[in-house]
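Going down the list, the protein sequences come from chains W and P. So the first sequence is numbered by my numbering: it starts at 31 and just counts up by one. So the second sequence is numbered by my numbering: it starts at 1416 and just counts up by one.
Hints in this document: simulated from the structure, not taken from any laboratory. Check each hint, because a few of them may be wrong.
To be verified - Residues of chain W placed beyond 12 Å of chain P at every Cβ, according to the derived structure:
1) H44
2) I45
3) N46
4) I62
5) V73
6) D74
7) H75
8) E76
9) A77
10) D90
11) A121
12) K126
What the hints assert, rightly or not - In silico DSS-like pairs for lysine-lysine, Cα to Cα no more than 27 Å straight-line:
13) K37/W x K1623/P
14) K95/W x K36/W
15) K1669/P x K1715/P
16) K33/W x K1424/P
17) K1440/P x K43/W
18) K33/W x K1618/P
19) K119/W x K1424/P
20) K1669/P x K1686/P
21) K1686/P x K1587/P
22) K1587/P x K1715/P
23) K1428/P x K33/W
Being a predicted model, the structure only gives us computed values, none of them experimental. We put the CB at the ideal spot given by N, CA and C, even for glycine.
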Amino acid sequence: MNKPQKKDFIKPKHINDYPVGPQFEAGHLADINAGWRTVRPVVDHEACIFCLRCYIVCPDGTIFKDGDKIGIDYDYCKGCGVCAHECPKDAISMIKEEL
Amino acid sequence: MSNMLDIKKITPKNITDKELFYGHKACAGCGGSLAVRLALKVLGERTYAALPAGCMSAVGFIYPQMAFKNNAIITPFPGVASMASGIEAGAKALGIEDYKTVAFAGDGGTADIGFQALSGMIDRDDNVLYICYDNEAYMNTGIQKSGLTPFGTKTTTTPAGKNLPGSITHKKNLFEIIAAHDIKYAATASIGYPQDFINKVNKAKHIKGATFIHVYASCPTGWGTPTHTSVEIAKEAVDCGLFYLAEYENGEFKLNKNPKEFASAAEYLKKQGRFKHMTEENINEVVAQRDMKWERMRRKWL
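Could you put together the complete structure from these sequences and hints?
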């Protein structure tokens, strides 16, 4: 999957450690977004026809082409459920997250 | 302008795997972030993006989390189009080739606050693609009415009650205002029809000069809709005729989708928290307004 990767962020200890001027590296991810998810999408690969509807409608871009299968990056999925709702074959189900 | 017929159609199968707007902090089911994500996928990594104060800059640039993989900058609220013009002039002066400048602004940043700069940008015909993601209110600051808020919407500045049905003004006719500049290319799109949207972005990418796309993007938080229906509700808005898919090119309007029969507008409205209070009389006014608009569009644009 071709996406920015999470990198460790070392918290600046001194004012001199902050970037000079209001700019920063593009695609720098310091944190994952999975914490606010209450339901997770699970793909039934038997029912999936690989139409890529879910891939194109995911607001977070967490659905990716994993060879000829659909893959989901659970680190950044927020569990909105758009993929499951839009799936023409109902191949994605939303499963409650267990704590 | 290159020959439009030579441009290869972009489909989910051949679109790049690269994610250029990733790890952002938008609400679950955000329509605006889907519009930005798809547009950047089409435009590619060599894109300079300018974003004014608004949802997409608030969720994309949370130091040290930088969700944009391409070069992106936050601009003053009224100045996104002038900043994009400046980026374009700078790139030209440096002799940079093979790139695109894009501005992503919300409906308030486009139709109200940023309008003067946008008008100037189109007048100068700067080589910038301006994408307005329209969620029909100032969502980032907590749902205030904007120029593109439709009649009857409940917002914090147009509360619905005994005396008023929410917003009492109709949606500004932004697309035709932009077209009146004799712009090279302008289009409306909806995230409910993503295939149509990405090909309009692709078309604009290949045009040298000012281009504009008005994309209808749902906002579950501000509209009071469940997160999973985000794409569906944006599609329904088109199907019931309250939004339309059109293009303006070479001085001609073109209606891309002309439904024989509209889906029920009342059903679309009643699904959303922001329209729940509307009486039958209010809905009839919305429908009358819609029919008047479509009568004119069908007469002139077909």
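Could you tell me which of the numbered hints above are not met by this structure, giving the numbers in increasing order? 4, 10, 13, 20
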